[in-house]
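Line by line, the protein sequences give chains A and B.
If you count by my numbering, then the first sequence holds residues 1 to 602, one letter each, in order.
If you count by my numbering, then the second sequence holds residues 1 to 84, one letter each, in order.
Because the hints were derived from the structure by calculation, they are not lab data.
Hints are not guaranteed to be accurate.
Chain A stretches covered by chain B per the calculated footprint, using a threshold of three residues with CB under 8 angstroms from any CB of chain B [stated by the list, open to error]:
| hint | segment |
| --- | --- |
| 1 | 143–153 |
| 2 | 278–288 |
| 3 | 349–355 |
| 4 | 396–409 |
Partial list, computed: chain B residues near chain A (C-beta under 10 angstroms) [said to hold, decoys possible]:
| hint | residue |
| --- | --- |
| 5 | Leu16 |
| 6 | Ile32 |
| 7 | Pro36 |
| 8 | Ile41 |
| 9 | His42 |
| 10 | Leu43 |
| 11 | Gly44 |
| 12 | Pro47 |
| 13 | Phe52 |
| 14 | Met58 |
| 15 | Ile62 |
| 16 | Ile65 |
| 17 | Phe66 |
| 18 | Met72 |
| 19 | Asp76 |
| 20 | Gln78 |
Even glycine gets a Cβ: it sits at the ideal position worked out from N, Cα and C.
Chain by chain, the residues run as shown.
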Amino acid sequence: MELQTTIYLVVGATFALYIGIALWARAGSTSEFYAAGGQVPPVMNGMATAADWMSAASFISMAGLISNMGYGGGLFLMGWTGGYVLLAMLLAPYLRKFGKFTVPQFIGDRFYSKTASTVAVVCLLTASLTYIIGQMTGVGVAFSRFLGVSSETGIYIGQAIVFLYAVFGGMKGITYTQVAQYIVLIAAYIIPAVFISIQLTGNPIPQLGLGSSLSGHDISLLATLDKVVTDLGFPKYTTSDAGGMLNMFVYTLSLMIGTAGLPHVIMRFFTVPTVAAARSSAGWALVFIALLYTTAPAVAAMARTNLIRTITPGVVMENKDPYAADSQIVYDERPDWMKRWEKTGLLKWEDKNGDGRIQYYNDKSKSEAFKAKAAEAGWKGNELTVNADIIVLANPEIALLPNWVIALVAAGGLAAALSTAAGLLMAISAAVSHDLIKNVFVPDISEKNELLAGKISMAVAIVISGYLGLNPPGFAAGTVALAFGIAASSLFPAIMMGIFSKKMNKEGAMCGMLAGLFITLFYVFAHKGIFFIKGTEYVDLIGGPNSFFGITPEAFGAIGALFNFIVAFVVDKMTPEPPEHIQAMVEAVRIPRGSGAVHGAH
Amino acid sequence: MDDGGKAYWSATLGLLAKILVVWFLVSFGAGILFAPALNGIHLGGYPLGFWFAQQGSMYVFIALIFYYRKKMGEIDRQFDVHEE
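Only chain B is shown next, with the shape it has when bound in the complex (with noise of 0.2 angstroms):
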């Protein structure tokens, strides 16, 4: 591969790390791990675990999917590979 494929492919993983983070975190995270605590916490009449674990992760991974396309077209057109 030649540098600049490297740097893309490096550029790409940057990006799904950053997603996949975020991605652990509401649902792994605020969803399973941390929700006794968080259930101290009220949104509305949802203890705040419970919100995460079945409303708010879904609405976080719609918003992940849409940034990751936006992203990754910025970042094939600064490589020069995207499609034409």
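In isolation and in its complexed conformation, chain A is listed as follows (with noise of 0.2 angstroms):
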């Protein structure tokens, strides 16, 4: 069967599937998406969880990166992984027996102000917008390779298809649609990662498999990359870092904190039966997460190696002589899946040499030993650029896997982005027209218009976010990580204070919220424009790109986070105490007796 036919087969039957699940789940209990939650074994809640939580950043992109960065490329996976250590211990536990919905309504009931609640409101639609818009980038890869058509037309028709499943797909009945979606992606992404693992190193386990020696011969699948890579002038695989050591540390740290942080995210365990079952759902969730991100190294290496094996066939298995003339495969002769990448403009050659061969290597390269040797083999320049965002796409194809497999992983990339960003959608339209709209503005607005108010937030956003997911401020999985900074600049640490500081007050918090969210957005917009508009850029103004201590802004998000702690205590001190009766509820949240049905509902 045709690639082409065989790609709308399988994406059909498992959107008919989603479809087919919400329908039913619908029609079976007319109960509310929050009761329902409570109703669901915490296995199950831990896959939904795990789909809601994997976007098209973790699907997509993050395997593209790590691919790109080697060793560095660690911090993603650290980084949305131990923020769950965090997130199990420090507030899943306590943000349930408080029993409210939405992380603003914490914020709000816990420092006694309304005005503290919008700040949280405000602080939570800069996040889960920016992440929307990573999500948006992530959609429009997939559906530009699954539909042949530019990745701009991609975004279009992700946007239509987005706002379709948000706004109709509903609440009710998603979890169990999300169990399904989970299912999907970690079978598309572990399918072809075991047969690569197989064909490259003989183990089927892909974990293993990268720890293991190439077929036939006796050295490790790393130490050939490690050598391949660092003759095209890369920096070595397994060492090279991001950015510096310090770098690293502080956006493994950022994504750590903005993982605890993002209200999406929180919003999962305040529908769980019990707090003991929210210390445990966390685990269960890391647990089905943790396949997916444990197995990602291993795409990542595996797909880098492939890439280069088919640009210079011999050099990965042969040891033949990457600089030889013909050791580059001749442009007319390239493989199908080169020609079919092509077409989204997300893969591009120029042949600068003009020798109708590809080469590809580090042409930034600061060695002169290995500038030396391009020079002499007639390179003018590397001429092939691939995206990262499709490494993981085209990799079961890199690999010449069966057509079943590469219209699994199409379907796998679109259940990815398409869960996460109706999770999203849905916060935003809570905040909106929950948090914002009725608490605030018009009290007594009616139901209906409330959920009006709701639908058009989500349009609102899907619009923005579609139009700065057209010129992205990075990667997929580099944006989605801008989003976690902000999360972990503001909410974290007002959730946080709350819980573990009796005598936090509600100025110390808010002015630590804004102080936190400003510094860090102001940090980010100096490099990537104010809002993310092109050509709005400041960074002379703050002396150059990376100028505080050379840390990415995708990296700040701790820096804010601990501008937010100081800011608070400071204000805190000067400000008079919280009332006797807030001293009290933060003393009843911290025991577990007494956790009663969650309340506050819509």
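Starting from the two chains in their separate frames, assemble the complex, guided by the hints.
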């Protein structure tokens, strides 16, 4: 069967499955989405949380970035999983005991102030919108390949589908749909990884394959990769860190505390039946997430190996000289997958030295020895540009796997992007319609109008994020990392102080949130443009890129969080203590007994 | 807060501190700060620092959460604040 037909069939079948489950769950239960969450067994709830959490950034983009970054890409792996330890121990059980549904509700009640709740809404919207921009970038990549169109057109189509999905897919039954989406996306991730691991190392478990030797060789895959990439002028795969040790440290920390501060993730733990269940469901969620996250580094290294094997056949397996004139493939004889991806504009070839062959190497290498070798070989610059976001989707094609595997990966990428985009849009619409309009501006709004306001805010969010997704501030995973930084610097410290400090008052919390949010946005916008609009960067004003101890904007969230804590404590010392009943409330939140049903539903 | 409550909270904080130390050591320690030194040791084909950054820390995180759940349940019962 034709590849394109197979893709339509598999993607169509998975969509039919999601819609079928949504309809079935809706018909079977008329109770609210939130209440339904309490009836879902913890293991299944963990799967749904994992699907909600693992977005286009995790599925499509992350392994591609690790593939380019090597060792340094581990910051995504540690950052996006380590946050669950914080979430499970520092926030989830206490927020569950508190028993409200949204983060702004918690902030508003704990800090006895509607203004504090509004500040939290602003932080939540900034983080969630940035997150959706990253999703849109990923959706654009997935649809462009899937339909064979440019990535811009892919984004327009993705916008329409996400809108339909979020608005009509609705709240009810979403948990079961997400369980199905998890199964599709994890199968789509692991099956090709198993195939490729067997091809390259003979070991069917990718996590072990990455630590094995190449088939028929006694040198390990990683050692070979180290040698091959160094030959092409790239930094050594297993040691290249991301902008220095300090930056990697801070970047990892930002992602960890951002994970624990992201509203749509926290929301999942409000809906479990008990405090004990809140503790264990974070653990189950992490088990299901780690299935993908421990496979990702294998996918990354193997994709890099296969890419180099495609362009310079013989260099990886037969130890041929990469500089020899005939070791690079002739462009006209390139494999079909390259032709397919060229259509999306995300893979480009430019014959700089006019020899009709593809030279793929690091032309920005600072090594004089390498530059001399490249010049001797007659290379006039890197000729192949491969967008990092296509690596995972193209991976099975590069490895020449059967068509159904390629189709399954397309379906998995779409499942990942859609489930998270939908979850985020829910969080945005709840924040705008409930926490902002109903609680602050129009308290007597009818339920119908509240729902309408929610849908309008979803539509606005999709349009804005689609527009910015056309000119994204980075790769999908990089943009999502910015969102984590924003959540880390604004929401996480406020929630944590709300639980662990009885004396923290509203003035301290509000000033802290605003200070953390402001300084992080200031640093990020300096690099990426004001509200990510191209051309409005002011990086010279802060003394050049990464001027704060070489820390990249994606990594700045941890600094923002530190600033948030300091400002909050200073302001807290200068203003009156919180009232008695608030301090008593904090004490009650700290013990599990008496965790009733969650109240405060919409 | 009564004395039982105070003791419960300090037992909780003690457990959190212990777990956070391990959490820090496997990721920021072995995965980042000491990774260059650990890379001299090999685990199969993996340099050890690289392994901690891209594999090992995640396995430890999972173990930590389940350990936390178990210990926290014991502390809850010891101070009689567990859910009915």
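Checked hints:
no., hint, in the structure
1, 143–153, "violated (count 0)"
2, 278–288, "holds (count 6)"
3, 349–355, "violated (count 0)"
4, 396–409, "violated (count 0)"
5, Leu16, "holds, 6 angstroms"
6, Ile32, "holds, 5 angstroms"
7, Pro36, "holds, 7 angstroms"
8, Ile41, "violated, 13 angstroms"
9, His42, "holds, 8 angstroms"
10, Leu43, "holds, 7 angstroms"
11, Gly44, "holds, 4 angstroms"
12, Pro47, "holds, 5 angstroms"
13, Phe52, "holds, 8 angstroms"
14, Met58, "holds, 5 angstroms"
15, Ile62, "holds, 5 angstroms"
16, Ile65, "holds, 4 angstroms"
17, Phe66, "holds, 5 angstroms"
18, Met72, "holds, 6 angstroms"
19, Asp76, "holds, 6 angstroms"
20, Gln78, "violated, 13 angstroms"
Hint check: violations occur at hints 1, 3, 4, 8, 20; the rest are consistent with the structure.
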